[in-house]
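Asker: Sequence:
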Amino acid sequence: MQRRRGLWLVFAVVLFGLAAWLMLSGQGEVEAPPPPTVAFPKRLRPEERQRMESRRTYVMSTGDAGTAEQKPLKPSDPVLAALPRGKGKTAMVIEANAIRHSPIGELLLECLMRRGGDDLERFKKETGVDPLQDLDRLVVTDDGLIVSGNFGDKKLKELLSGRGSTNYDYGDEARIFEPTLERNLSDGGTARRNGPQVGLWNDQMLVFGRSPDSVKQVIDRVEGRGPDEPPVISEGSTYGEMYGVVSVEQLKKMFPPDQQELAQKLAEVAENVELHVDARSDFAMTAQVKGSNADKVTDLGKSLGGALSLARMRAQAEGEKELAQLLDFAKVNPDGEEFRLELAVPLEVIKEQLAFCREQQDSDDTHSDDTNKDTKPQEAQPTP
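Residue 69 in our numbering sits at position 69 of the sequence shown, and the numbers go up by one each step.
Among the hints, a few may not be true.
Per label pair, the in silico range of CB-to-CB distance [said to hold, decoys possible]: (1) 106 / 302: 14 to 24 angstroms; (2) 211 / 154: 25 to 35 angstroms; (3) 225 / 316: 17 to 27 angstroms; (4) 51 / 155: 26 to 36 angstroms; (5) 103 / 172: 36 to 46 angstroms; (6) 51 / 314: 39 to 49 angstroms; (7) 194 / 155: 40 to 50 angstroms; (8) 211 / 125: 26 to 36 angstroms; (9) 125 / 257: 43 to 53 angstroms.
Simulated from the structure, these hints should not be mistaken for lab results. Just so it is clear, the structure is predicted and the values come from calculations on it, not from any experiment. All C-beta atoms, glycine included, are put in the ideal place defined by N, C-alpha and C.
All chains, full assembly: derive it from the sequences and hints.
Answerer: In structure tokens form, the structure reads like this:
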């Protein structure tokens with residue numbers, strides 16, 4: 001399961017990092033056309049509000065009512081309830097099903113299927129889970145991974161229960177799996193270690209963690225036994241195909257060495273950054289930076305805007321027209337105690353950059369056909 005989890009983590013990271021990759025891979029060979037208009041995610045759209053309301057499906061158990069008056073409990077979205085609480089936390093939600101059916105998702109899927117279609121079929125047979133149909137959302141946090149969808153197939157439970165796994169019921173709706181992995185040693189002995197800890201909640205949520213306690217904490221939050229603090233992502237912030245918050249400590253690690261001064265300034269001003277990505281057509285991302293000191297936030301926005309302007313001028317001076325065009329979409333919009341950074345990659349540019357996958361596959365097919373011709377048995381010649 002750890003290998004499969006890794007595959008989908010890579011898929012999520014590829015989607016989220018697509019903009020940066022394309023910005024750094026521009027060839028600058030062709031005159032760039034005027035930049036098209038891109039719609040950036042700013043608030044809940046009607047279809048997203050309907051999606052948000054339809055996900056309020058779980059009503060927590062009230063326990064022993066006693067004689068005290070009980071307030072009626074409102075249904076909640078179990079995935080949002082599972083998210084970390086408190087400041088300085090990271091949680092990114094990838095709407096896997098929505099991205100799967102977006103133009104960008106179709107392009108990526110075509111590329112992945114050309115390279116790993118057999119692996120996908122093998123995964124479906126082993127687990128009873130079809131990633132293209134059964135996955136809904138994927139959440140990456142500091143402590144692990146949460147995946148929502150349809151996980152009721154008995155093959156998955158048998159797989160999680162096998163190979164020496166200890167498993168037991170937990171809470172109201174969950175089962176915890178603690179697998180033990182074995183490896184044969186050269187001296188004939190056997191090495192054992194704990195595998196990734198997994199929780200299955202109500203056949204609709206898989207929780208992967210580093211320890212049983214980290215998995216149980218997620219289940220506790222879903223079933224109302226967690227802290228009273230609200231989740232790091234509110235219902236009103238569930239817009240876009242990817243959304244969430246990233247702690248500044250995580251963001252600092254993404255800055256290159258020559259930008260550590262800017263990274264440190266970011267850490268001094270903000271506690272986290274809220275991200276939203278619209279992938280329905282173009283890849284459009286907004287990053288909202290908030291802080292308690294309006295002056296420091298303003299200074300940080302100016303510094304970041306200046307860095308983007310320098311990068312744009314450098315790209316123009318070095319003849320990197322495509323990179324300069326992409327940087328035309330990067331801008332900073334200040335607003336008091338916060339500012340919003342916008343970055344976009346047009347769909348046409350994504351299609352052009354992903355063309356290598358189709359070209360490589362066509363080349364492989366041609367090579368395969370040529371090989372088959374060369375190795376085709378010669379017809380037997382009649383004996384004179």
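Asker: Flag every earlier hint the structure violates by its number, smallest first.
Answerer: 1, 3 and 7
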